[in-house]
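A.B. asks: Sequence:
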Amino acid sequence: MRVSSPTLPLVVFSLLNVTATASACKSNDWVNLAPIPTARQEHGTVAINNKTIAILGGIVVAGSGTEMTDLLQFYDIPTDTWSTKSAVPHKVNT
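Letter by letter, the sequence shown follows residues -24 to -1, 1 to 70 of mature numbering (1 follows the signal peptide of the UniProt record, and there is no 0).
Calculated from the structure, these hints are not laboratory results. Keep in mind it's a predicted model, so treat the numbers as computed, not measured. Backbone N, C-alpha and C fix where the C-beta goes; we use that ideal spot for every residue, glycine too. A portion of the hints provided could be inaccurate.
Unchecked claim - Across the chosen pairs, the derived CB separations fall in these ranges: (1) VAL7 - SER40: 31 to 37 Å; (2) ASP5 - GLY39: 22 to 28 Å; (3) THR70 - ASN25: 19 to 25 Å; (4) LYS27 - ALA63: 31 to 37 Å.
What the hints assert, rightly or not - Restricting the straight-line Cα-Cα distance to at most 25 Å, the calculated cross-link-like pairs of lysine to any residue (SDA-like) are: (5) LYS27 - ASP46; (6) LYS27 - GLU43; (7) LYS61 - ALA15.
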């Protein structure tokens, strides 16, 4: 029997320990943004609304190896801040 589940529109990024930057449209300069609190790769990214981006799951460094995580963090665009939310129900990498 095939089991289906709802699918969120996810955009996958392969970033590990990268400083986020944004283009300042008026001056065509790049501006450093707040760094993500937990570096990871193979995570899901969802635009919650036009002000908030959610980063969920992914692969994190653990000791001398890596492991999947259930971490959920939100980035607030207007305030350039990150917040950690309750963990997602399952560890995921996308």
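A.B. asks: With reference to the structure, classify each hint as holding or not holding.
C.D. replies: Tested hints:
1. The given range of 31 to 37 Å is respected by VAL7 and SER40, whose C-beta atoms sit roughly 35 Å from each other.
2. Here the CB-CB span from ASP5 to GLY39 is close to 39 Å, at odds with the stated 22 to 28 Å.
3. For the hinted restraint 19 to 25 Å between THR70 and ASN25, the CB-CB distance of approximately 21 Å keeps it satisfied.
4. Evaluation of the 31 to 37 Å hint for LYS27 and ALA63 yields a failure: the beta carbon distance comes to about 23 Å.
5. Restraint check for LYS27 and ASP46: satisfied, since their Cα atoms lie roughly 23 Å apart, inside the 25 Å limit.
6. The suggested pairing of LYS27 with GLU43 is violated, with an alpha-carbon distance near 30 Å, which exceeds 25 Å.
7. Under the criterion of a C-alpha separation no larger than 25 Å, the hint pairing LYS61 with ALA15 is consistent with the structure, at around 16 Å.
Comparing the model with each numbered hint stated earlier shows that hints 2, 4 and 6 do not hold.
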